[in-house]
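Put the complex together from the two separate chains, hints included.
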Amino acid sequence: GGIITQTPKFLIGQEGQKLTLKCQQNFNHDTMYWYRQDSGKGLRLIYYSITENDLQKGDLSEGYDASREKKSSFSLTVTSAQKNEMAVFLCASSMGRSERLFFGHGTKLSVL
Amino acid sequence: QQKVQQSPESLIVPEGAMTSLNCTFSDSASQYFAWYRQHSGKAPKALMSIFSNGEKEEGRFTIHLNKASLHFSLHIRDSQPSDSALYLCAVGGGRALIFGTGTTVSVSP
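Listed in order, the protein sequences are those of chains A and B. All residue numbers for the first sequence refer to this note's numbering, where the first residue is 184 and numbers rise by one. All residue numbers for the second sequence refer to this note's numbering, where the first residue is -6 and numbers rise by one.
Hints are computed from structural coordinates only; laboratory data are not their basis. In this text, all values refer to a predicted model and were calculated from it rather than measured experimentally. A portion of the hints provided could be inaccurate.
As the list claims (entries may be wrong) - With a Cα cut of at most 25 angstroms, we get these calculated SDA-like pairs of lysine to any residue:
{"no.": "1", "chain 1": "A", "residue 1": "K205", "chain 2": "B", "residue 2": "R30"}
{"no.": "2", "chain 1": "B", "residue 1": "K38", "chain 2": "A", "residue 2": "P191"}
{"no.": "3", "chain 1": "A", "residue 1": "K192", "chain 2": "B", "residue 2": "T97"}
{"no.": "4", "chain 1": "A", "residue 1": "K224", "chain 2": "B", "residue 2": "S19"}
{"no.": "5", "chain 1": "B", "residue 1": "K35", "chain 2": "A", "residue 2": "N236"}
{"no.": "6", "chain 1": "A", "residue 1": "K192", "chain 2": "B", "residue 2": "T17"}
{"no.": "7", "chain 1": "B", "residue 1": "K38", "chain 2": "A", "residue 2": "S258"}
{"no.": "8", "chain 1": "B", "residue 1": "K38", "chain 2": "A", "residue 2": "R227"}
{"no.": "9", "chain 1": "A", "residue 1": "K240", "chain 2": "B", "residue 2": "T17"}
{"no.": "10", "chain 1": "A", "residue 1": "K291", "chain 2": "B", "residue 2": "S62"}
{"no.": "11", "chain 1": "B", "residue 1": "K(-4)", "chain 2": "A", "residue 2": "G246"}
So here's chain B without its partners, still in its complex pose (with noise of 0.2 angstroms):
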């Protein structure tokens, strides 16, 4: 049974900072990496996603997968007001993706 952990519960970040999220895993077949974001009272939308280790950088995210540690993360550079938001990390791998504990981000102006 796949255990998704997310690290910190939640975090403030200064306007203009780097705000850094992680998440481990449990089952080492994994094949398929996610992060989403849920602003306030909203659906939770897809960011990225990465199948294979190392880094895939879009626009002010990045993310960082090292399989064999069971571990990835998310990078967001210069962080805004708008970055304000519940971030899940999602893993999948042969079933429905499983979802993390979710990490609560205020960034402060």
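Looking at chain A on its own, in the form it has when it is part of the complex (with noise of 0.2 angstroms):
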């Protein structure tokens, strides 16, 4: 089995500021996701990206930056914070497109 290690577990950030959060995979996935989640709801796609160096955005990438530089690991920046936003951040990993993803548990982002 693997593991999917987000980081970190809680953010708490100003308005305006810049935050990273960072997703690293022992899977051997192609495939990374990262994903938001609002108060118990659905998830939207913010990026994907099948294999190493690549970046394929989603329908919430406004206001996102994404990164893939090892196979390993996804990182995710929030380009300017939002005054009073509050979500989880999940980032997930799969074989393929149409095979099963494994999530991590999460990043909670709080913003004040």
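Next up, the structure:
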């Protein structure tokens, strides 16, 4: 088995701040994803990557940047945090795009 | 742009009863259909998936897929308190999985 590790678990930022979330996986999966979840609702796709150095925009990519410099890691940057923003950012990986996703436990973001 | 909707938004089910959840999608070219379950404070986990029209059963869980109706469902037989969770449907077909809006299920003892 493998594991997906997201850091940090909790992130508190200031309005306008640039914030970076990190994700590591040891499944040796090709595809990695970032989803946003607001207060116990559905997941919205921000970015995904099908291989090292590849980036594909999801429906919610505006306001975010992503980076996949290694197969095992995928980072997400909030380019300018919005006041009172609160959400959980979930990282996931899979062998292919129509394969089972494995999720990390999430980074909970709060913006003051 | 794929739209995935779930109904109902929430439901309460007596222990031992059947739980039925619905998912509709907009892209008729979709090829992969899955259900995930997320217990409170935990990561989502895959329950089961289906590629072709029809029905698939795994233990107490059954998926029905009708591509022509752009609809698939999850049925949980003999619901248990441990089934209380957020259920997420997901649709794929070329791009990344697109998830639905979620259904919160509470199973009352």
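Violated constraints from the hint list, given by number and in increasing order: Hints 5, 6, 10 contradicted; others consistent.
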